[in-house]
Structure formats: C-alpha cells, structure tokens
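S.K.: Chains A, Y and C, in that order, are what the protein sequence lines are.
Quick note: the first sequence uses this note's numbering, first residue -15, plus one each step.
Quick note: the second sequence uses this note's numbering, first residue 317, plus one each step.
Quick note: the third sequence uses this note's numbering, first residue 825, plus one each step.
Hints are not guaranteed to be accurate.
Calculated cross-link-like contacts (lysine to aspartate or glutamate; reagent style EDC-like; alpha-carbon spacing at most 20 Å) [said to hold, decoys possible]:
id, chain 1, residue 1, chain 2, residue 2
1, Y, Lys391, C, Glu1049
2, A, Lys325, A, Asp105
3, A, Lys420, C, Asp910
4, Y, Lys450, C, Asp910
5, Y, Lys448, C, Glu1148
6, Y, Lys419, C, Glu1049
7, Y, Lys448, C, Glu1058
8, Y, Lys658, Y, Glu677
9, Y, Lys419, C, Asp910
10, Y, Lys391, C, Glu1058
11, Y, Lys391, C, Asp1046
12, Y, Lys450, C, Glu1058
13, A, Lys413, C, Glu1049
14, Y, Lys383, Y, Glu348
15, Y, Lys448, C, Glu1147
16, Y, Lys450, C, Glu1148
Simulated from the structure, these hints should not be mistaken for lab results.
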Amino acid sequence: MRIRPTVKAAAVLGAAAALTAGCLSSGGGGGSSNTGNTITMMYGFTGNQSDDFQAVVKPWAQKNNITINFAPTADFNNLINTKVAANQLPDIAIFPQPGIMRTISATGKLADLSSVLTMSDLQSNMLPGALKAGQNDSGTQYAVLVSANVKNGVYFPKKAATAAGLTQGPQTMDQLQQLTNTIAGTGRTPWCFGIEAAAATGWPATDWVEDLMVINNGSDVYNQWVQHKIPFNDPRVLSVLNQLDQLVLANGHVNGGRNAVASNNFGTAGNPMFDNPPGCFMYRQGNFLTQAGFFPKAVLSDLDNTVGVFPMPGKTAESKPVLGGGDLAGLFSANNDSAKKVLQYLTSSEFQTAMAKKASWYLAPRKDVPLDSYPSKTSQNFAQIQNQATEWVFDGSDQMPGAVGSGSFWKEMTAWISGQEDAKTALDKIEASWPK
Amino acid sequence: MASISYDHATVQYPGAERPSVNALDLEIADGEFLVLVGPSGCGKSTSLRAIAGLEAVTDGTIRIGEKDVTHLPPKDRDIAMVFQNYALYPHMSVADNMGFALKIAGMKKDEIRTRVEDAARILDLTEYLERKPKALSGGQRQRVAMGRAIVRSPQAFLMDEPLSNLDAKLRVQTRTEIAALQRRLGTTTVYVTHDQVEAMTMGDRVAVLKDGYLQQVDTPRNLYDRPDNVFVAGFIGSPAMNLIDVDLDQDGAVLGGRSFPLPRAVMSTLGAENARTATVGFRPESVRVVNEGEGFPFEVVVVEELGSDAYAYGTLHTNREAGADDGKLVTIRVDARRTPMKGETIHLQIAAEDAHVFSTETGRRVSGERVGPPVPAS
Amino acid sequence: MLIKIVNALLAVLGGVAGAVVLFYLLNKFAEILPSRWEERLKPYLFLLPAFAAIALYLIYPTIQTLVYSFANAASTQFVGFKNYSDLLTSSAFQNTLFNTLLWIIVVPAGTIVLGLMIASLADRLRPSGEKFAKTLIFLPLAIGAVGAGAIWKFIYAANPPTQHQIGLLNGIVTGFGGNPVNWLQLSSGRLNSFLLMVMLLWAQAGFAMVLLSAAIKGVPTDTLEAARLDGASEGAIFFRIVIPQIRTTLVTVFITVLIGVLKTFDIVYVMTNGNFNTNVVAVDFYNQLFTNSNAGYAAAIVVMLMIVIIPVMVYQVRQFRAEEVAR
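Bound-form chain A, shown alone:
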C-alpha cells in the first residue's frame, strides 16, 4: 500500500544497534507466543492510507471481538529487522516488499500460511501469478498480497492526445514504437520521463526495464532474472536497454532530452502533458500518480475527463502482462486464532471490496472485487488493466537483494541514463554487485 520504496531514514543509533547485536549473530527459531485476542499488526504505510485501512478493519475486528494494536511505521524495513533480531515480534506484519519478507522467512519465524488460508480460493480468485510474490524460493507461502498496484500504466492527456491521433492504447509494442515515431515525426515530443527521487533516484528507470523484460520475455524468464537464476547482464537485458533507448531516450523522444531525465522528479515529470501545447503525450508510471500531490490540481479535479490510461502493450495483441506491486501480509503468531482470523479477513473479497469503496488509492489483488466498487473511472480502468492480465509479476527490484534492488540497479540506471556509462558497463556493474 505504500507508494514505493521511500527514503529510508535511520538514526546512527540504529546503525550501532545493528552492528552490535551480538558478536557474530546466529539465527533463532520460533514466532510470537501470544495467543490472546489482542494482537499487534505492524505495517509500513502511514497517513491517510493508514487511516483508511484502520477505518475498514476496526469495525470488523470489534464485531469479531478482536482488539488490534495498529503499528504503522515509515521505517518498516529497518524496524522489522531490529524486532526480528530482538525477538519482539508483531503478530501480523504487512510487508511492503517480498525481498525483506523472504529474508525474514529464512529465520523460521514466519508461519506457513497454506494451513491458515484457503489456498484454492486464492489460487482461482487472485491475479495470475500474484501468489508467487508471497512464496520463498521453494514455494512455501509465507505471505499473501492484500493490496495491489499497477506499475505499467501509460497516462495520456485525453484531449490533446486525440488531436495527435492517440485515442486507443496501442495493442503491441510495435504499434507503440510506431505511435512514438509518428508523434516525434510531427516535431512534437512523445514521452515524458523522470527518475529523480532524492535518495531513491533511479527507481522509475528500473520499472521501465522490468516492464520491458516481462513484455519481451514472459514471466518465467522475468522471474528467473529477478531471482538471479540468469545473470543480471544477460543479453536479453541489454536488448531491453537498447529498446528503451530507441523508444524513449532517443533524440526528440523525451521532454527535455535524455540529460534532463536524471534530475526530473518522477512525481511531476508527467505534468508537461497538460501544458498547451503539451510538452509530451505519454508518461508511463504507477497508479499512485492519480493521488494528490503529483498531477496539477486542475487535472486531478477532473481526472476522468482529462487523463486517459492504457496499459503497456504486450509483444503480441494476445499477451497482456502486468507489472505490479503491493503489500504482503504475513503471520508471526502461528498459534493465535485471532491473528489467523485477521489474516483470513485481509485476504478476503469482503475486506478488499470494502477497501476499494473506502480508499481511492486502493487496488485489490483479488479479481472478484466488483469493478463498480471503485469510485472513479480511472481506478476502474486500473482495476480492469490488472484483471485482464494474462500474467502478473511483482516488481522485480523490490524482490532483489537490497544491494541490487535499491542499490546498484537504481544507481547504475541513473549513471546510464545520465550518460556517464554505457548500457553494457552499467549491467556488468549490477551483476558484479549481486551478493554472493
């Protein structure tokens, strides 16, 4: 439910604590021993997202005689690591990324959910491939997606784009390239692109790369690449970078030129779409962009009529891969019935429908949430893109080890786009940084 990996703030004390938690640390077993009906739930989204979440969950919990201590934190990753190390576990944790969940599952403190949840129900009703995000390498289900987001939407300004010949999303990558060339051919700029995100600069580029990876090679190769079963600098990745080069970074294809991308903030990079004449016609970014704070206020107030969205097309018209993300709920207290019940609720259609109605930012990872539960045309659009997916994959950089997924992948893409390195060098460096 978070927007994306945000800046991780950590005090020096935290560093000291991490450094001194035992001489050389060893893993320990066992989860929380809490069996009462008061449980703690820790998660990484704050502000109005947390408020919406609690507003839905609290009444249900009351009805079921469960008291929940909500523990939201903006610094989830650091905090959960510390808590796990200190064995002060929450009963339920909602992980923003599968990577950290998998690392913690290796300590044996997370419960196997296959006996807690009705797996067949989830199998048939969740987005295809979504369950995989909550599994470890050997396929044990340690967490389940309870919210989703779509990262491969392409926004366009409805009126201006119609004039430029863009009414319907292209059906194949070839068509997208063609559309790009056509717009550029008339002396206008087809794309907006910005990867500046303070300390997290570079991540929007990784989304592009991941998206093109799954589009070109399918979810199997994608997942192998994410899990480092094929090297990061595989020729197929290099060709993806070249494709991105041709499609977006080429001369005249991107607003401000290639050099502007690295210092252009991802949140506002798409706004020139609404200038007159438009600074660009397409901006590929996640569904979070329709929340307050990104698009201009005038656009947001009339979102459905101003902004159109089409999904990044597949290689063929039949293939509709979706790159997504979301929060995964996991269970530390395997023997706590209240906690189990909460987890069952969070993965249910009941909860997710209620959330869809309550929160404009929410997308359900279940396909059986009725489309009309979503408040706006735009969010219905995103839900539809998601539900029509032929394959759904979780954001790759969120699953890679931190050294790559929020380290070298970001940094090297930034260096490549800003012209400090060529594509091959960048990929080689990322491969070299993969922890052995």
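Since chain A is already given, all that's left is putting chains Y and C on it; use the hints.
M.R.: Frame of chain A; chains Y and C shown alone:
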C-alpha cells in the same frame, strides 16, 4: 629628529558630547622630553595617539618637523611608540620584535641584525634576543618595547605610560634609565603619565591637561613654583599643595581670626573682581612651627615618617565663621627628628612669601611673580 | 497522552533515584573496606559507572565493529581481510575515497578562509551591523544539513528546458538566454562534488566565523597599532600579526571541520545519494549497511575512517592540552 607641534588640534570621538582634546596648542622642540600629565580622562593619551595617527584629528593640525601629518596614516609618520602594555608581538622572538619595523621597511637582514644587537646592548637584552616575550619578566618586556622604538631611529618617541605595569622600585629605576637614554639619543620624546612625580622627574617641560584642555606647560620648577591655576597647584607636588578658601578684608585674607596680609597688587586684582573670598595655597614645606599664640593652631591627626622627611596631617583651625571651612585637613612637613604626637596641637606660621593666591571664582592665579615680603601685623 | 507524561516523569525520577542508590551503595561498600583501602578505592568506585558507560557505549561497539569488519555480510562467518581487499580494489570505492580526499582538501581550508574573511570584514562594521551580519551568516549552522539540502535543491534544481526553471542558478542561466544545466550531474572535473562542498562551506562558515571572530577580537589592539606604527600595511598586519596570534584557534577550527568533513553524510545523501560520481565514505557506509545489508563492508569502511581520524584526534587533544598549559 624633529620638532612636533599641535596647532589648535581637536580630537572628538564620534558620538561624544565634548572633544577629548580641545584646541590644543603646543610646541615640542627638537630633542625635547615633554611629559603630558593629568588625571585619567584628561586627554593626554588621546593627544599622544593623535601624533601617532592612531586617533583622527577632527580639527586643527599636527606637524612633525615641517611636515603636516594631520591626515597621514601612522606608517608614514616615522615615529615609534612604547605602549603601556608594551604591545610586543607574542609570536616573535625579542630580536624579531625589535627588527619588525626594519624588516617591513625592507632593510637587509645583516643590517637589521646589527642594529638590533646594538640596541640590545644598550638595553642589556643581548642574552634574551632569541626568547619569546612570554619568557621575559615585566622589566625585560618593557626594555624590549623600548628597544623596538630605538632600533628605528625615528623622528620621535611616543611613550604611553610605559612604566605603569612595573612595581614601584623598578619604576623609579627605569624612569631614570629612560630619561638618561633620551638625553643620550637626543630624540624628541613625548611621554604620557598620570603620575606627577614621573612627570616632574623626567620631563624637560611638563604639560598639564584636564578635561581636554591644556592647563599649563612649563618646566617642572616653574610648574611647582608658579602654578597657573588651582588645578595645577593641587596636581603638581607630592604631598599636594594645601588650598584653603578664605574671606577677604581690606588688607588681605582673614585666617584663624587674624589678618593674613596680601600684596597690594593681589588685592587690587581681587578688588577688581569684586571678590569677597580667595583661595590661598601653601605647600607643606612652607610652614614653620612656632610657639603657642604666634600662629594658627594645628591639631595633628596622622604623622607619616619617611625617614628624611615627616609629614603631619591634621586640621588647621582657621576659625572662619564657625563651621564652614574650619577643620580642613592640611598637610605640613615637620622636622623628621622632632615629630609631633598624634592628637597634639601645635602652632604654625605660614611663610607669606610662599603663599599662592587664586581667584575662588575662576581658579586663576592672582598673585604675581612672588607674594611680597610679609607685612608685619599691626 | 497523560499516561505517557506520567511514564516519562516516573522514568526520570526512577533514573535519578537509581543513580542515587547506586552511588550510595558504592559508598557503603567503600566504607566497609579498611580505611587505607577506602581512601584509595573511593575515587575509582565513583568513576566506575562513567567508565562502565563509556565501555558499553564506546569501547564495546568499537571492538565489535572491528570484529565485524573481518566477517561476512551477515556477520556469521569470518572472512579475513576480504572486506578490505574487496573495497580497496573496487573502482567505485576508489572513486569514493578520491571524492572524500577532495572534500578533506577543500572544505576545511575553504571554511577557514571564508570564516576569516567574514570575521575580519564583520569586525569592521558598526556593532549593530556586525551583529546582524553575523547572525545571518551563523543561521545556516542552525538550519542543519538536511534543511540546507532543501534550500540548495532550489538553487541547483534543473527542469527540462521546455518547463519553468524553479532553480535559482538555472533561473539566472535561462534568464540570460542559456539552456538549463543539470548542475548536480556535472561530474567532469568533479564540479558537482564542488557544488556540494559549497553547501558545507555555507553551513560551516558561520561556525568558523564565530570562533575566529572571537579570536580576532582577542588579539590585543595595541599590537595592531604597534604594527601600524612599525610601517606594516593592513595586509601585512593581518598575515604577520593577527594570523600568528590566532593560530591555535585556526588549528581548532580546521580540525573540527576536518573531522566533520570525514563524517559528511547528510548533504551528499540528500542531494545526490552518491550518484553522478559524488559518493563519499560516510554515504557509502550507510548504503552498505542499510541498503545492501552488508555489515562486513560497512564495518570495514568505518574502521578505515577511524584509522584516518585517530591521528587527527590525537593531534587535537595534544593541541588542546598545549593551549591549556599556555594559558
């Protein structure tokens, strides 16, 4: 070497109500040792610093030799100054301190060395040349400050209370040394002090200042014998002159119920001012002890024996209308071998020829060259 | 809320009471001993809690860090000098070291020069003007580096040429008809690193100014007047009379800033996160530990940093002692 002259020189600090130095006119001859003396705040240091260029002259001019230096920066005035706290450069050795000005002037190293060594020999500093100021005693630092001035052979020396940080004994010794050194070098010197003993013992001439005004400039002898006004009279001399306000009658002052005759010239001057009173001054040594009935009764309060001299402090009963000035504390010199007892009353006769008469109103001296011979009491 | 306040108060009271009881017991223990031993041991007993705290919070972590620097990423296995050799042979870390070296060379010296300049210029203003100027220049220090980052982002900000420039520098550049420049990406000649150093200079100049200004005011005026009479120009007075007399303060400022520079983190982290060839060791340490979860590399970096800082610290302590003796 050169003469120095103030011509109507005025120094007023921005925002100050009155000038610190007010229209000072003063000529200092080539080779002269002039002492500026006065109580604190009298403008003596400011006058000195104005010569150095450290204070801006707001009106009038200052000349060194024939040159008008009023608006010249300090470095172009070719004068050397010795500061109260010596102002030695703490990070330089004694030799470097003394040679700094020469180095700045671009003099050759070995010539600097020679001149510094010469000066050090004069001042007995040879063995301390490589030391830092911190490792020297107060007297040695003072000599380094002197040395720094003399190596430059400047037009003039300016000294701003250079002895005030020394202990009493060293101060007396050093003041003689400085005076001797100045005579030997013959460099025009302006010396500031608040200590009138220093002023009297060192200066060829002494200029007394008060509240920014020059009171009197003269040789020490003349200042002592013939103070121009009450202030100078009271300031010069140690112990100070006794000053008593007296009523006048036709022949002179009325003192202790008796007439103390004053010369006709004095009386006519006072008469012209319509004065009913006058201020009479006499120095402690100008009294004689006489038998009872012959002089004024003097009740001894304290006796200070200094060995060669003794001073008695006490009240002189002048019986001027009851109360008023009666019982004013005065100082007299008595025979060191025959000192009166505390509490004893003795009788004094003031030598009329040594009395100084000042106008009570203006404070100016009224008596002429000398008070005339005593007129026998009728 | 009320409960939290009560808890806080109880914690304070409990802490103080605990300390009192601890010292009381230590004292009692000392009194049990034979009087000869009591006198001898008492000071140490009373110092014991402080020593224990230092040992726990300073010495133990230091040793632990040293140990971890020889262990693998998860601190589960010793790997010898591998962390060090890996780091020192990687071109990225060499780059980081080079950047850090640039910071060390430029910033402390720059801070001193700037601080001196401001201090001596402000010294010539009228008292009210001096106060105002100094407050203004001291302000950045109070803002803190992250706040400074927010401000300087608006100075270096670069938007695509088709859009409005919100950055001050680019506002000027485009105002003169130029194309906007991505300042923080200008890695040739390490220009972007220098742009970041400017921020630290901006923040530290106030600190240097305050100390140096006090030192300059402490220089006896009569030595300046004496120099003036000795024929020295204002420049000569500044360099040959003032500077030597404030040398100890200069050294103190230099070393304080130097140690600060070695630990520079926030500015780089906030502005570029080490991208575009601007990485420095402290940012690298942070990213190794928190992004890459590599405690081995992180600890090795800290140990190397420590090795560089220790001689500087020793010199500073010596200098401080010398100053105390001279006083």
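S.K.: All the hints need checking, so say for each whether the structure fits it.
M.R.: These are the hints, each one checked on the structure:
1. In summary, the hint linking Lys391 (chain Y) to Glu1049 (chain C) is supported, as the alpha carbons are separated by about 10 Å, within the 20 Å threshold.
2. In summary, the hint linking Lys325 (chain A) to Asp105 (chain A) is supported, as the alpha carbons are separated by about 16 Å, within the 20 Å threshold.
3. For the suggested pair Lys420 (chain A) and Asp910 (chain C), the alpha carbons sit about 13 Å apart, so the restraint of at most 20 Å is met.
4. Using a Cα cut-off of 20 Å, the hinted pair Lys450 (chain Y) and Asp910 (chain C) is violated, with the two alpha carbons roughly 54 Å apart.
5. Proposed proximity of Lys448 (chain Y) and Glu1148 (chain C) is supported: the alpha carbons are some 18 Å apart, at most 20 Å.
6. A C-alpha spacing of about 17 Å is found between Lys419 (chain Y) and Glu1049 (chain C), which places the hinted pair at or below 20 Å, so the restraint holds.
7. The straight-line distance between the Cα atoms of Lys448 (chain Y) and Glu1058 (chain C) is roughly 24 Å, outside the 20 Å bound, and the hint therefore fails.
8. Distance hint between Lys658 (chain Y) and Glu677 (chain Y) is unfulfilled; the C-alpha atoms sit about 35 Å from each other, more than 20 Å.
9. Straight-line distance between C-alpha atoms of Lys419 (chain Y) and Asp910 (chain C) comes to about 57 Å, which puts the hinted pair past the 20 Å bound.
10. Taken as a hint, the Lys391 (chain Y) and Glu1058 (chain C) pair is honoured in the structure, with Cα atoms around 10 Å apart against an allowance of 20 Å.
11. Distance hint between Lys391 (chain Y) and Asp1046 (chain C) is fulfilled; the C-alpha atoms sit about 14 Å from each other, no more than 20 Å.
12. With a C-alpha separation of about 25 Å, the suggested pairing of Lys450 (chain Y) with Glu1058 (chain C) is violated against the 20 Å cut-off.
13. At roughly 64 Å between alpha-carbon atoms, Lys413 (chain A) and Glu1049 (chain C) are farther apart than 20 Å, so this suggested pair is violated.
14. A threshold of 20 Å between alpha carbons decides the hint, and for Lys383 (chain Y) with Glu348 (chain Y) the separation of about 18 Å falls inside it, so the pair holds.
15. Using a Cα cut-off of 20 Å, the hinted pair Lys448 (chain Y) and Glu1147 (chain C) holds, with the two alpha carbons roughly 16 Å apart.
16. For the hint pairing Lys450 (chain Y) with Glu1148 (chain C), the CA-to-CA distance comes to about 15 Å; that is within 20 Å, so the pair holds.
In this structure, the hints that do not hold are numbers 4, 7, 8, 9, 12 and 13, in rising order.
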